[in-house]
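**Student:** Make a model of the complete structure from these sequences and hints.
Sequences listed follow chains A and B, in order.
Using the working numbering, the first residue of the first sequence is number -7, and each one after it goes up by one.
Using the working numbering, the first residue of the second sequence is number 35, and each one after it goes up by one.
The set of hints was computed from the structure by calculation and includes no laboratory data.
As the structure is a computational prediction, the values presented were derived from the model and not from experiment.
Note that the Cβ used here is the ideal one computed from N, Cα and C, for glycine as well.
Some clues are possibly wrong.
If the Cβ cut is set under 8 Å, some of the chain B residues that face chain A in the computed set are [what the hints assert, rightly or not]: (1) 47; (2) 51; (3) 58; (4) 126; (5) 158; (6) 165; (7) 253; (8) 287.
Quick list of the computed label-pair ranges, beta carbon to beta carbon [said to hold, decoys possible]: (9) B:227 - A:29: 49 to 59 Å; (10) B:67 - A:50: 41 to 51 Å; (11) B:181 - A:36: 19 to 29 Å; (12) B:48 - A:126: 26 to 36 Å; (13) A:68 - B:48: 19 to 29 Å; (14) B:48 - A:72: 17 to 27 Å; (15) A:29 - B:48: 54 to 64 Å; (16) B:71 - A:64: 36 to 46 Å; (17) B:131 - A:48: 32 to 42 Å; (18) A:94 - B:275: 35 to 45 Å.
Covered by chain A, according to a simulated footprint, are these stretches of chain B (three or more residues, beta-carbon under 8 Å) [said to hold, decoys possible]: (19) 62 to 73; (20) 127 to 133; (21) 238 to 252; (22) 267 to 275; (23) 291 to 300.
Here is how the chains run, residue by residue.
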Amino acid sequence: MTLSRGGLWILRAAGIGILAYAVFGPLANLLIWSFAEAWFWPNKLPSQWGFRFWDYVFRPTGRAMEALTLSLLIAMLTVALSLAVAVPAGYALARGRLPWRPIIMLAFLLPQAFPSLPVYINVARIFYGFGLNGTVTGVVLVHASHGLVFAVWIATAAFAAIDRELEHAARNLGASALRTFLTVTLPLATPGLIASAIFVFLESLDEFTGSFFVGAPEVRTLPLEMFTASMGGNYQISSITALILLVPSIAFMLVVERFLKGEVLAKVGA
Amino acid sequence: MIASSRILPLLLVAPALAIVALLFVYPLGYSIATAFQDRGGAWTLANFVTAWSFYGRDVGFSALIVLLSTALVGAVAVAIGGYLVLGTTRWAVAALAWLYRWPLFVPFIIAAQCMRTFLAKNGLMNNSLIAAGLMPPEAAQGFLDWRGIVITFVWKQAPFATLMVAGAMAALDRGTIDAARNLGASRLRILLEIVVPQVRPTLMVALILSCVTMMSVLSVPLMLSGQSPTMMTVQMAYRINQHGDYGVANALGLISYLMTALVAWVYLRETLRERAA
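**Tutor:** Here's what the structure looks like:
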């Protein structure tokens, strides 16, 4: 069976159209809800549009603003902790002669190989004994334990992708090992490290399950607030909160290839 | 210098390893041990009996949902990746490459919120299909049940698998593809018989990671389906929050570890057999 050129064109356009509808339809519904002041059945679209709920969410004293500040703080602390341990680890895994290297790499794979929810339940139980439940420290530790894995993988790949000759040249010219690392290796690895930092930041900002067990109800991050609003049937508040969380996710999706180059991606897991 | 030292690399890795050990390996072991203990700490299998008799249906439900979603994620990834590599219509390839990745970093909880409104009986999906004249109003039905969970999982996870698979496909040697094309093979045949077998390892890794991720998502089943049976994650949270029952929750947790371990084992066995052959 052969289709005419016009028929094929229509078929392709229809396929792309259906995919676009599937991708953007759910996001469009979120956007519509955030501006809907009144939307009752059987209306197909809101009967009243406006910014009333945006005002409500963005009030300086509003709970959402407080939650956003808290979420940003937790995400930044998580990035700081994750990178502080992942950069040395990544460097050692890429450059050092490590005994049992495959086993150590496997250890950094573990958190991805098991469903994390039952682990979070038990982290919460252990934290309870140390008074870490319901504290920012506890939530940061949980987020870091998960974000760390990505950070180590990407940092290892970023260091492994650097040409060793450049480091040898610096050493031959008399630079110390530390100076070579700080002035040659680290700057070259920076794009990869930035990518891993953004990754960890997003993971933490969007994290729900761990915060739900370890943080709630004392530590109210933005995803927890969104969940509460949604389960309470307050779709405007939850949609606006979701949109706030979406901005960094979409922004990263658009720029990810600028930071994560093909040659670094090819070394992930190697 | 790091290349010659034996101690320094270990010292550099130690803090990261310590965090994984304390915040992952220890709680993991703790959860496995607690699954076999009653509230007094005595060893027992009672938790598994309770878990199975109360939540056996939820275990089966979770397995079916995750398997179906994983299969669909794989199909979407191969279809989109295949078109990106073999497609000859430049605008369609470019549009597809731009389109597919939008949900990539959308967190599950936001995907759940989107779908909760989109897939509802009076949601945007039904409303727009009716308004476009593609569906009679009386045919409208809500998808907020197992179907909603599967749709949300595929919507969120397919871009990730596609990104990995399309990357692997793009790195393939074009020689065999061009040769097959010159011999007159159809594009579908090239995709299934030449391209997919070569990217199989990447595809399997993407699917296993997706499978494990979907096994531990709490927000999607909570927000999309209030019905029974539901996913095991919901029941684990329920045992903890309502009953403080760590034994049964951890028994369910152990069952979910075993389910993902089974998937990984099947994959490993197959790779080993392939290497031996």
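**Student:** Quick check: which numbered hints come out false for this structure?
**Tutor:** No numbers; nothing is violated.
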